[in-house]
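*Asks:* Working from the sequences, and respecting the hints, build out all of it.
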Amino acid sequence: MTITTSAAPPPTHNRPVALARGFLTGGVTGASLAAVVVGIVTENEPLIVGGACLLAVYVLIRHLAGLPRRAREAAVPPHLALAMIESLEAVGGETSDIPVKFDLTVAPDDAPAYRVEFTQDINLADLPDYRPRGILVVQYPPDRPLKVRIVKRPTPDWEERAASARLDSAPGPARASDPWEGCGATLVGFLGLLLGAALVVLLFRANLFDQDDSDTARPSVSSSSTSSSSTTTVSSASGTVALGPGQSFLDEGRLGRSVAALATGVDKQRALTVVVQERLLTVVFAPTGTQAASRLDLDSLPYDRVPALVKEATTTLGVGSPRTWQLTADRLTGAVALRISVTGSEGTAYLEADGQGKVVRRVPAGG
Amino acid sequence: MDRHVYLVLWCGVFGAWALVGYGRSLAGMTRAQRTVRATGRIERVDEPRHGSSPSDGIAVVVSFQDPSSGQEFTVTNEGDRGERISVAWTGREIGVHYPRGRPHAFRFTNHLSEGGRGLGWANFALFLVYAGLVAVAAIDWGWPWALLGFGGPWALSGLYHLPGNIRDRNRRIDQLAAMVAVSGRVVAVLKSVTVDSNDGHTLTNLMPVVTFTTLDGREVTAYCESGIPDPARSRGLNLTIHYAPDDPALFVLDVEAERRSWKRDMVVNVVGVLVVAAAAVVGVVAL
Chain X
1 MTITTSAAPP PTHNRPVALA RGFLTGGVTG ASLAAVVVGI VTENEPLIVG GACLLAVYVL
61 IRHLAGLPRR AREAAVPPHL ALAMIESLEA VGGETSDIPV KFDLTVAPDD APAYRVEFTQ
121 DINLADLPDY RPRGILVVQY PPDRPLKVRI VKRPTPDWEE RAASARLDSA PGPARASDPW
181 EGCGATLVGF LGLLLGAALV VLLFRANLFD QDDSDTARPS VSSSSTSSSS TTTVSSASGT
241 VALGPGQSFL DEGRLGRSVA ALATGVDKQR ALTVVVQERL LTVVFAPTGT QAASRLDLDS
301 LPYDRVPALV KEATTTLGVG SPRTWQLTAD RLTGAVALRI SVTGSEGTAY LEADGQGKVV
361 RRVPAGG
Chain G
1 MDRHVYLVLW CGVFGAWALV GYGRSLAGMT RAQRTVRATG RIERVDEPRH GSSPSDGIAV
61 VVSFQDPSSG QEFTVTNEGD RGERISVAWT GREIGVHYPR GRPHAFRFTN HLSEGGRGLG
121 WANFALFLVY AGLVAVAAID WGWPWALLGF GGPWALSGLY HLPGNIRDRN RRIDQLAAMV
181 AVSGRVVAVL KSVTVDSNDG HTLTNLMPVV TFTTLDGREV TAYCESGIPD PARSRGLNLT
241 IHYAPDDPAL FVLDVEAERR SWKRDMVVNV VGVLVVAAAA VVGVVAL
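Here the protein sequences line up with chains X and G, keeping their order. Using UniProt numbering, you'd call the opening residue of the first sequence number 1 and step up by one each time. Using UniProt numbering, you'd call the opening residue of the second sequence number 1 and step up by one each time.
There may be inaccurate statements among the hints.
Chain G is faced by these chain X residues, among others (derived, beta-carbon under 10 Å) [what the hints assert, rightly or not]:
(1) Ala-74
(2) Ala-75
(3) Gly-93
(4) Glu-94
(5) Ser-96
(6) Ala-125
(7) Val-151
(8) Arg-153
(9) Thr-155
(10) Pro-156
Read the hints as simulated data drawn from the structure, not as lab findings. Just so you know, even glycine gets a beta-carbon here, dropped at the ideal spot from N, CA and C.
*Replies:* Here is the structure:
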């Protein structure tokens, strides 16, 4: 049987629409994923749910919109035709089914022959069956003649036709099967994905960057307050007050006020140690529920005496400039004791006072 | 948002899905209800080529008749055509189903059973609603509700089906005793090589193909998925095949091993039901 062939361009499907659909799919996917990620970062639950729902609704709409086309295509059986292999080339693969690029002349019974190029997986064991000039049976959807697939197990009547047929080559070049479903569509989809994600990030950039700032400034403690002059930080184990520049705990009444502010809402008899430096106050608390004998009552300390004691320690114990000082109050020896150490160019001097702020011991620098 | 708002959304979406599914089933509009079921007959069996792929099943030519129009169709089993045909002989009856009016979209089934009411997805949606309720109950009121909520219905279902399962396994063990032994031969070993996308390892799956002739003259070609110790070198190997006289698709190489396997399966079934029931009881006690 000889079938006369002639070339004719077969119809193709709408490329711009396919590209637009790819771009939209990429855009919606990018926007949804970005919305979920931004929602997680900014702890914005409605944004997370909205992102997930957007993708779900888009998939649903695409599915419903495609129903009539799929039903129309499914209702029509694929067309079968004889075809001749012009050339074939294995294009790689490590599995038993390797992708093979075919160039075929397809000869439909009721239409002119045409050339088409496509790739289909062929099993290695079956590869010797496919040789140039060999006759095959192919199938394609009636409205998409370029979407050709080789029928590997034709029915007996088509098997007979293929065995006895002789075909002439149609003039080339071969048209690629679905070129726009390849590289171009992927690129456009990726572009849409990037744009969709960028749009969401831009819309919520203010929340994102605010979140970053507050995250870096937030300490890992139970409470924190900041005023223009000092920063107070309190946890169950300790409390600190840091003064701003130009201020000192030796200023009149400041130490007492700072301890009172720091101890608000805290058991004032739970303190173990109070350490005061020029601009830093630290109170260490005993663990809740313990009964340590060395606890201090914060209300009982002689805060008003501290500036005078520090002044005495820095001026009378032979320590030269520059000087730093530190006061430590505790009850480690049973009675309340205040120890002031002053360090300067001549070394370190100590001054000890009792719970009323009365000096009980002096250790000059170098002594 | 509060988790109860999510629960309402969850139950709303999947509840609506379930309702739509049950409504479609009542109206006779589910895919299973609109499927035409015919009985096909294998007209020709091609011997598999040594080294080819087992994925498409044994190459057969099947004829069937559309029940409504009476039109005859002759088809082959290429590509995605439902269940893989792994046992074939000329004259074997095989299930063919397709959407109404679209016989070209046929699928094969190895069993000639009815299709049911198509409630699979609706039941799955209802299960998701139930799982959501149990999960929130377990978070709100404690883990015993999870044990009770999931273990309880599962245990009841297992207990309900247990007698039937035991009867089925006993029937299969009886069937083994009635099997007929004939000689068979491995005519080809099919090979499928895949590459793991995660680690790049190559996985090779070997499938020996045996042929044997039944006492009443049927020439059976079948994939032999287990029972051959060294499949790679098994081509040409002569074997003893035990098959069920009323259905040669049921065949084994080692009757004793198969009997032990079915007995073990029965024990696993009973133990599984007991474990799930125990979990449900622990849940009730811990409430």
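*Asks:* So, for every hint listed, does it hold in this structure?
*Replies:* How the hints compare with the structure:
{"no.": "1", "hint": "Ala-74", "verdict": "holds (6 Å)"}
{"no.": "2", "hint": "Ala-75", "verdict": "holds (6 Å)"}
{"no.": "3", "hint": "Gly-93", "verdict": "holds (9 Å)"}
{"no.": "4", "hint": "Glu-94", "verdict": "holds (5 Å)"}
{"no.": "5", "hint": "Ser-96", "verdict": "holds (4 Å)"}
{"no.": "6", "hint": "Ala-125", "verdict": "holds (4 Å)"}
{"no.": "7", "hint": "Val-151", "verdict": "holds (6 Å)"}
{"no.": "8", "hint": "Arg-153", "verdict": "holds (4 Å)"}
{"no.": "9", "hint": "Thr-155", "verdict": "holds (5 Å)"}
{"no.": "10", "hint": "Pro-156", "verdict": "holds (6 Å)"}
In terms of the numbered hints stated before, the structure departs from none.
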